[in-house]
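Build out the structure end to end from the sequences listed, making use of the hints.
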Amino acid sequence: MNLLLIEDDIELADSLAAGFRDHGHSVVHAADGASGLRLAREPEHQVIVLDRMLPGLDGLSLVRQLRAAGVRTPVIFLTTMSGIDDRVNGLEAGAEDYLVKPFAFVELLARIRVLGRRPADQAVTVLRAGDVELDLLQRTLIRAGRAIELLPQEFRLLEYLMRNANRLVTRAMLLENVWDIHFDPQTSVVESHISRLRAKLNADSAVDPIQTIRGAGYKFLAPS
Amino acid sequence: MRRLRIIHTESFRLAALFAVLFLGLAGVLMGLTYWIVEGTQRAELERVIDADIGTIENGFRGQGIREAVEVVQQRLGSDATNTDWTGEYIYLADGSGKRAGNLDALDEKVGLMWLTRPYRSPSDGARANGTSLDRGTSGRTLRPANRPDAYGRGTVLGKGVALANDVYLFIGRDTATIVATRTRLIHAFGWVTAITLLLAAAGGSVFSMQFLRRVDAIARTCNAIVAGRFNDRIALRGNDDELDRLAGSINLMLDRISELLENLQQVSSDIAHDLRTPLTHLRKRLEDARDKSTTVDHYSTAVTQAVEDTDELLGIFSALLRISQVDAGTRLAAFHELSLSGLLKELCAMYVPVAEDEGKSLQQRLMDGVTMDGDQELLTQLFSNLIENALRHTPSGTQVVVSVTVLPDAVVTTVADSGPGIPEHERAKVLRRFYRLSGSRSSRGYGLGLSLVNSIANLHGASLVLSDNSPGLKATVSFRRGK
Ligand SMILES: Nc1ncnc2c1ncn2[C@@H]1O[C@H](COP(=O)(O)OP(=O)(O)OP(=O)(O)O)[C@@H](O)[C@H]1O
Ligand SMILES: [Mg+2]
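Chains as they are written, first to last, in the working numbering: chain D, 1264 to 1487; chain Z, 2 to 484.
Do not rely on the hints blindly, as some may be mistaken.
Said to hold, decoys possible - Computed from the model, here is a short list of chain Z residues facing chain D with C-beta under 8 Å:
1. L283
2. Q306
3. E309
4. R332
5. M351
6. R393
FYI, nobody ran anything at the bench for these hints, they're computed from the structure. Computed from a predicted structure; not experimentally measured. No residue lacks a Cβ here, since even glycine has one placed at the ideal position from N, Cα and C.
This is how it looks when you write it as C-alpha cells:
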C-alpha cells in the first residue's frame, strides 16, 4: 500500500516508516502540515497517517482543507489527546479513524489495512466467503446451504469480520465498530462473543473461518 | 483615605442623588409658595388702598374738598411729609394744584400704577434726572416704574382716582412687606437646604460605612483565600439582601473551585503515589531481565510482561484523565436525548455471554422506551463499569440483575448481584480513587471504576447509592426526572 505519513516527531516517524516498509508498504514522510497538505493532494496515496499536533498547519485543519478540496483519501489520526471530544472532533473534521498515542504497532497496521480496502465494498448487500453467505438486507446467515440464527450483536460482529476478510481486526476495532465501545472493558467481551459466533458458525462444519491471532485479534479467512 | 472611599461608594452617591432631587422639589415648592403668598399680599395691598380711597372719597362726597383734605391730614399725622413710618403715600389735588398729601407732585393718572421713590444716591439721582416727574425734592416725588416685580422699599403700588372733574386723589403703598415675606421664605429655604444636605451626608456616610464594612469583609475573605485558606467563607447576614445574595453566590463559586482544586490535588497525588507502584514493578522486571536472563525465551517473556505493565500504566492514566475530564463538567455541552432502555439492552446483550462463560447469569428487567438527556458514551461506561464489577468481584453462580424503573420524579436504574457485597463501612471508601477491598487486590483492576461511575452520575445530576442486596451489592443510580 502507498502510505503518506505526516508526523513531526522524527524518531517516531522513522520507526513507523521502517515498520510499514517491513510489512511491504511504501511510505512518503512529511514533517510539517504545509508540506503534508501538498503531498496529500497527490492521488497515489491510499491511506494518510496524520499526527494531530503539527507545527504550522495542525492536523484538524489539514483534514478539513483536504476534504474541502475534494480529496477522499482515508485519514487516520494519531494523537496524544484522549479526550472524548477530541475523537469526535477528529471524525467530524473528516478523518476515518483515530488512534491515541502510545499504541501497539499492530493496531495501527491493522487499522491502516482496513482503511485501505476498496470503498466499493460498502455497497455490497450479500457478503460471501467460501460456503458462508451473509445477507445484509435479509439479516440472514447461510453456511453450506443451512440457515443459522444469529443474535443482532453476533450478526454485526460477523459482518465486520467478513467485510474485512483476510485482514487482521483487533479487539479495539471490534469494540468500536460492533459495540460502539470506546474504552477498554475489563472483561472478555470480544472473546465471549467470538466463541458464541464460532460455535454457531461451525456447528456443522469442520472448517473454522475465524482465525485467532494471539495477542493481536482475529482474521476472517476467505478463500480467494 | 477612608473618607474619600465613602464618597466614592454607590450608597453615598445614591444619598447625594436623593438630596439633590429633594432640594429640587423643595425649590419648586418654595417658588410656588412665594408666588401664591405674593399674589395674596398684592391683593391685600390693593384692598387697603381701595379702603383708604373709599374713606377719603366719603369725606369728599359728604362735605367737599375741605373734608377730604382734613381726612388726608389726619391719616398722615403731624408730619405730613413723613412716609417712612407707614409706607403710605397720599396726593390730593384740585384745579388749583396740590391740596394735601406727602407727595410734592405727581403725574395725575387714573388707575393702578407702579412707581418708585427716587433715592439720594448719585446714580439714582442721575437716573431720576431724566424724568419729568422728578421735581428735585427728595422723598417727595415718585416716578413710574415699569417692572412690577421689582418689589422692595421704594417701590410703590398705587392707584389714582378722579373724585370729581378736577379733583384727583392718589394713594400708594410701599411694597417692602412683600419683600420681607420673600426674605423670610428664602431664609427658610436656606435652612431646609442646609439640614437636608447635612442629613444626606450623615445618612449616606452611615450607609456607606456599613456597605464598606461588608465589602471589606468580602475582600478580606477573598484575600484569605488567595493566601491559601481555601476553606474560608463569607459570613452571611441572613436577611437575603443584595450583598447577602452576592456573598452567597461567591461562596457557591468558592465551593465549586475548591472542589475542582481538591480534585486536581487528588489527581496529582494519585499520580505521584499510585503510579509509583506499577512503575516500580516495571522497573524491577526490566532490571531482572537485564541481570538474570540468560536465554532469548527469558528475555522475550520479560519484555512481554513489561509491555503488559506499560499497558496497565496507560490504562490508569486514561482512567484518571477520564475522571478529571468528567469532573471538570465540559461534557455537559454534548448532552442529548438518548434511549436509556436501548442503551441498557445493548449492554446486557453484550455482557450475557461474558456472564455465562463465568458461570453467572445476567438478567434484565427493563421498562421500554425510557429516554433521558445525557452523554451516551459516558452512560455506557457507567453501566458497563457497574456490570463488570458485578461480574468480576463475585464468585461463579452469581446472579446479576439490571433494571430500569420510571418513577414520577426519577428514573431509577440498578445493577444488583448476589455476590459477597461490600461491607457497609467500606461503601463510601470504594468510591475513592484506587480503593479496593482487600479481597480484590489479587484480581486485575485499578480501583477507579466506581470513582468514574460516581463522577459520571454527578455530571448527570444523578446519585449513586451502594446498598445491601442481601446477599450481594446493589448499585442504584437515580436520575432526576423533570420537564
Ligand atoms: N459488585 C461488587 N461486589 C463486591 N465487591 C465489589 C463490587 N463492586 C465493587 N466492589 C469492590 O469495590 C472495589 C472498588 O471497585 P472499582 O470498580 O472502583 O474498582 P475495581 O473494579 O477494583 O477496578 P477497576 O478500576 O478496573 O474498575 C473493588 O475492588 C471491589 O473490592
Ligand atoms: Mg470496577
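We went through each hint and held it up to the structure:
| no. | hint | verdict |
| --- | --- | --- |
| 1 | L283 | violated, 14 Å |
| 2 | Q306 | violated, 12 Å |
| 3 | E309 | violated, 10 Å |
| 4 | R332 | holds, 7 Å |
| 5 | M351 | holds, 6 Å |
| 6 | R393 | holds, 6 Å |
Checked against the numbered hints above, the structure breaks hints 1, 2 and 3 and satisfies the rest.
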